[in-house]
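Peer 1: Residues in the sequence shown are numbered from 1395 upward in steps of one, following the working numbering.
For the record, the hints were derived by calculation from the structure and aren't laboratory data.
Don't be surprised by glycine CBs; every beta carbon is placed ideally from N, CA and C.
Warning: the hint list may mix true and false statements.
Stated by the list, open to error - No more than 30 Å apart at the CA atoms, straight line, and that leaves these computed lysine-lysine pairs for BS3-like:
(1) K1787 x K1823
(2) K1900 x K1864
(3) K1588 x K1878
(4) K1878 x K1864
(5) K1760 x K1662
(6) K1562 x K1787
(7) K1488 x K1864
(8) K1595 x K1866
(9) K1787 x K1662
(10) K1488 x K1807
(11) K1427 x K1760
(12) K1904 x K1864
(13) K1499 x K1807
What the hints assert, rightly or not - Label-pair restraints from in silico Cβ distances:
(14) S1764 x F1495: 45 to 53 Å
(15) N1753 x F1530: 38 to 46 Å
(16) P1474 x Q1396: 48 to 56 Å
(17) V1895 x T1926: 50 to 58 Å
(18) G1564 x K1427: 21 to 29 Å
(19) Q1428 x D1843: 53 to 61 Å
(20) N1752 x K1689: 50 to 58 Å
(21) Q1821 x A1682: 30 to 38 Å
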Amino acid sequence: MQRESMEFDVVIVGAGPAGLSCAIRLAQQAKEKQQELMICVVEKGSEVGAHILSGAVFEPRALNELLPNWQELGAPLNTPVTHDQIMLFKNSEKATELPSFMVPKTFHNHGNYITSIGNLCRWLAEQAEALGVEIFPGFPAASIIIEEQRVAGVITGDMGINSNGEQKPGFEPGMELRAKYTVFAEGSRGHLGKQLQQEFKLAEDCSPQHYAIGFKEIWDIPAEQHQPGLVVHSTGWPLTDEATGGGYLYHAEDGQVYVGLIVDLNYKNPYLSPFNEFQRFKTHPKIAATLKQGKRVSYGARAITKGGFHSLPRMTVPGGILIGCNAGTLNFAKIKGNHTAMKSGMLAAESIFHALHNNTEDHELKDFESRFKESWLYDELYRSRNFGPAVHKFGTYLGGAYNTIDQNWFGGKLPFNIKDQHEDHAQLKLARECQVIEYEKPDNKLTFDRLSSVFLSNTNHEEDQPCHLKLKDSSIPLNVNMPKFAEPAQRYCPAGVYEVVEENGKDVFKINAQNCIHCKTCDIKDPSQNITWVTPEGTGGPNYPNM
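Required output: the full structure, derived from the provided sequences and hints.
Peer 2: Here is the structure:
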């Protein structure tokens, strides 16, 4: 197929915190050295920020380095954290606030801000464009150009292919975006990053990556229930027996709160529904008291890469580099990944610019590793290396106790390495060994169904296009997953994409791809590893206004 081709010095895939910070730092260095640099950012969302979802309590450390005058430039960081509460939810009614000495100091948020990372990315995009960076939203990078074992760029998705794979009248082939260096900043479980790790065996020497699914809703609440700057984190119920994770409630600006639940994807019971666990979480009196008489205005969910230091793959390949959550730089001890993603992008930019400025033939950016190891990012991830594995191995309470001692007394430098070598998808028990979990019907006041929730995410896909949720073997859902695991895709998907329905007296595995909110949970948790998520056409997916 004939494709148009454009040449750049650097192509960046993904306009999230990592990708935009990389673009800005590259452009800053080019300006300082008076060197012309062609930098292109492609973003699969309809606009920058459309696919961004994060809690978020934002630590400005990397932003202070990248744009020290961010306040003058109008960065949307308007709600400083005023108070932290860490709650232990003992059951559906009772809760205890934990004293600070029982909580890892990494959970303390003095100096941080409650904000919308989607809006922060929109602002970062403005700063990048002011420096001459070209940003193309609505152009998903569909495949990687690899020539002579070197990444040479990406190809954007074809437009105008019907569900049978045939070209429609308005068909337009994707473009080749070629570059001296390609940066993969797709976020958690990026499909090109996944391909890159397999192609170049980047994860051979590290622990398996681990993930969680994070839910978020935005609520407008009455003024008397609103406490701007209050950050509440919880552990325990509703995940006491079935899974690990925790909840959050952040009092943001303009009378809004952000409420969510994080569920680790190494849970064992195939009958567990992370979405319904989130709905249950909101009924706890400590959460319901804030939400009552309020109005839910937005919903979304996203995979979180949380393996940390022990799960970091090699990040560089000839001609390319993985950054941010695509590589797994989130610090789960802080429940924060935006500042670390930004710093990884800045380090990548410095390594790339050094190579371009000095006309080196070092296509693999070998100095990136030394830059990374000498940075505060490496130190921060190293100090929190045992946080997630300790919770996985010892459970919420014993693991939490270990982490409190490790972080508060030893600064994360206890001479132990705790590793979780088990893949998340391999943790499900057989359905016959597990208890069916009965969830109450939604009350449409605090709790809701999945379809009405997806509606609030503004998700839309062109219907007549190839399904972007690829089954390696279409027989596995009903012939393997159903008898073994009661086909858990019906429950782990937060958007109702997967159903087992009866048609003409037979069970049929149905994929409602139009509902997909691009969380990637299916790609991670499917016990047969039969589902591969790839980019849909054009601007498909959620359109989050301020998540």
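Peer 1: Flag every earlier hint the structure violates by its number, smallest first.
Peer 2: Going through the list in order, the structure violates hints 5, 6, 7, 10, 14, 15, 17 and 18 and respects the others.
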